[in-house]
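Top line first, the protein sequences correspond to chains E and C.
Each residue of the first sequence is one higher than the last, beginning at 196 in this note's numbering.
Each residue of the second sequence is one higher than the last, beginning at 196 in this note's numbering.
To be clear, the hints were calculated from the coordinates, so they are not data collected in a lab.
Careful: at least some of the hints might be erroneous.
What the hints assert, rightly or not - Listed next, the in silico SDA-like pairs over lysine to any residue satisfying Cα-Cα at most 25 Å (straight line):
{"#": "1", "chain 1": "C", "residue 1": "Lys284", "chain 2": "E", "residue 2": "Ala233"}
{"#": "2", "chain 1": "C", "residue 1": "Lys251", "chain 2": "C", "residue 2": "Leu220"}
{"#": "3", "chain 1": "E", "residue 1": "Lys272", "chain 2": "C", "residue 2": "Leu220"}
{"#": "4", "chain 1": "C", "residue 1": "Lys272", "chain 2": "E", "residue 2": "Ala233"}
{"#": "5", "chain 1": "C", "residue 1": "Lys263", "chain 2": "E", "residue 2": "Ala233"}
{"#": "6", "chain 1": "E", "residue 1": "Lys199", "chain 2": "E", "residue 2": "Lys279"}
{"#": "7", "chain 1": "C", "residue 1": "Lys284", "chain 2": "E", "residue 2": "Leu280"}
{"#": "8", "chain 1": "C", "residue 1": "Lys199", "chain 2": "C", "residue 2": "Leu232"}
{"#": "9", "chain 1": "E", "residue 1": "Lys284", "chain 2": "C", "residue 2": "Ala224"}
{"#": "10", "chain 1": "E", "residue 1": "Lys272", "chain 2": "E", "residue 2": "Ala233"}
{"#": "11", "chain 1": "C", "residue 1": "Lys279", "chain 2": "E", "residue 2": "Thr293"}
{"#": "12", "chain 1": "E", "residue 1": "Lys263", "chain 2": "C", "residue 2": "Leu220"}
{"#": "13", "chain 1": "E", "residue 1": "Lys263", "chain 2": "C", "residue 2": "Ala288"}
{"#": "14", "chain 1": "C", "residue 1": "Lys284", "chain 2": "E", "residue 2": "Lys199"}
{"#": "15", "chain 1": "E", "residue 1": "Lys284", "chain 2": "C", "residue 2": "Lys284"}
{"#": "16", "chain 1": "C", "residue 1": "Lys263", "chain 2": "E", "residue 2": "Val213"}
{"#": "17", "chain 1": "E", "residue 1": "Lys279", "chain 2": "C", "residue 2": "Leu232"}
{"#": "18", "chain 1": "E", "residue 1": "Lys263", "chain 2": "C", "residue 2": "Glu278"}
{"#": "19", "chain 1": "E", "residue 1": "Lys272", "chain 2": "C", "residue 2": "Lys199"}
{"#": "20", "chain 1": "C", "residue 1": "Lys251", "chain 2": "E", "residue 2": "Tyr205"}
{"#": "21", "chain 1": "C", "residue 1": "Lys272", "chain 2": "E", "residue 2": "Lys199"}
{"#": "22", "chain 1": "C", "residue 1": "Lys279", "chain 2": "C", "residue 2": "Lys263"}
{"#": "23", "chain 1": "C", "residue 1": "Lys279", "chain 2": "E", "residue 2": "Glu271"}
{"#": "24", "chain 1": "E", "residue 1": "Lys263", "chain 2": "C", "residue 2": "Ala204"}
{"#": "25", "chain 1": "E", "residue 1": "Lys263", "chain 2": "E", "residue 2": "Tyr205"}
{"#": "26", "chain 1": "C", "residue 1": "Lys263", "chain 2": "E", "residue 2": "Glu269"}
{"#": "27", "chain 1": "E", "residue 1": "Lys284", "chain 2": "C", "residue 2": "Ser275"}
2 protein chains.
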Amino acid sequence: MFAKNLRMAYLLDFYGAVLDEHTRLVMEAYYDDDLSLAEIASDEGISRQGIRHIIKRGEEQLVFLEEKLGLAQEHEKLGSYTEKLTVFKERLASSGDTDGADLIGEIIEQITNKGF
Amino acid sequence: MFAKNLRMAYLLDFYGAVLDEHTRLVMEAYYDDDLSLAEIASDEGISRQGIRHIIKRGEEQLVFLEEKLGLAQEHEKLGSYTEKLTVFKERLASSGDTDGADLIGEIIEQITNKGF
């Protein structure tokens, strides 16, 4: 339950802005920079157990948000179309349908920008 | 600042699931069912001022989430493409590009489903 995982890194990226700054920085050190609890504890000047507690509480907040809102999952589903849309856009462009290609280009940009 | 508005109703629809149930129900009565503070107060058996306080606190939570995450705004931007995509889908279908029309149909469904 406390293992580092991609899912949590994704939720951190998606919802991390709602965490208080210190929690977010500690979680980014752990999930994004792959530092160990001991390394973060040393950097922050608090105990390894203290860091573990901060991360656990942050994880609970991120999981709560996703359980309630489900927006990260919805975004993932939409993101899974990016490749298909890119291929389709190229097909439209090469068939001379520039209006269609432009529209698809805007959709791809909107999907990859931030989340939606 | 306390006037009913569409923006808050939209945020309530988008993020309301994170509110505690009582706050959500009071806010839905106010924003979605358009009841007055006095009517909700009477239904809930608490003061009009108490209802005002619950709504104000709930509004702060919704605004906080949107300020931090900005997901409702991103979703609105994507939603603004729904009509264009629908027209494009019909154009693809009538030109015999069923693969393209199907892909666009899936994107429209994903955008209108839940939020993304």
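Hint by hint, here is what the structure shows:
no. : hint                   : in the structure
1   : C/Lys284 with E/Ala233 : violated (55 Å)
2   : C/Lys251 with C/Leu220 : holds (14 Å)
3   : E/Lys272 with C/Leu220 : violated (30 Å)
4   : C/Lys272 with E/Ala233 : violated (43 Å)
5   : C/Lys263 with E/Ala233 : violated (30 Å)
6   : E/Lys199 with E/Lys279 : violated (31 Å)
7   : C/Lys284 with E/Leu280 : holds (13 Å)
8   : C/Lys199 with C/Leu232 : holds (11 Å)
9   : E/Lys284 with C/Ala224 : violated (45 Å)
10  : E/Lys272 with E/Ala233 : violated (36 Å)
11  : C/Lys279 with E/Thr293 : holds (15 Å)
12  : E/Lys263 with C/Leu220 : holds (15 Å)
13  : E/Lys263 with C/Ala288 : violated (37 Å)
14  : C/Lys284 with E/Lys199 : violated (42 Å)
15  : E/Lys284 with C/Lys284 : holds (14 Å)
16  : C/Lys263 with E/Val213 : holds (6 Å)
17  : E/Lys279 with C/Leu232 : violated (50 Å)
18  : E/Lys263 with C/Glu278 : violated (29 Å)
19  : E/Lys272 with C/Lys199 : violated (34 Å)
20  : C/Lys251 with E/Tyr205 : violated (32 Å)
21  : C/Lys272 with E/Lys199 : violated (34 Å)
22  : C/Lys279 with C/Lys263 : violated (29 Å)
23  : C/Lys279 with E/Glu271 : holds (23 Å)
24  : E/Lys263 with C/Ala204 : holds (18 Å)
25  : E/Lys263 with E/Tyr205 : holds (16 Å)
26  : C/Lys263 with E/Glu269 : holds (19 Å)
27  : E/Lys284 with C/Ser275 : holds (19 Å)
Against the hints set out earlier in the document, violations occur for numbers 1, 3, 4, 5, 6, 9, 10, 13, 14, 17, 18, 19, 20, 21 and 22.
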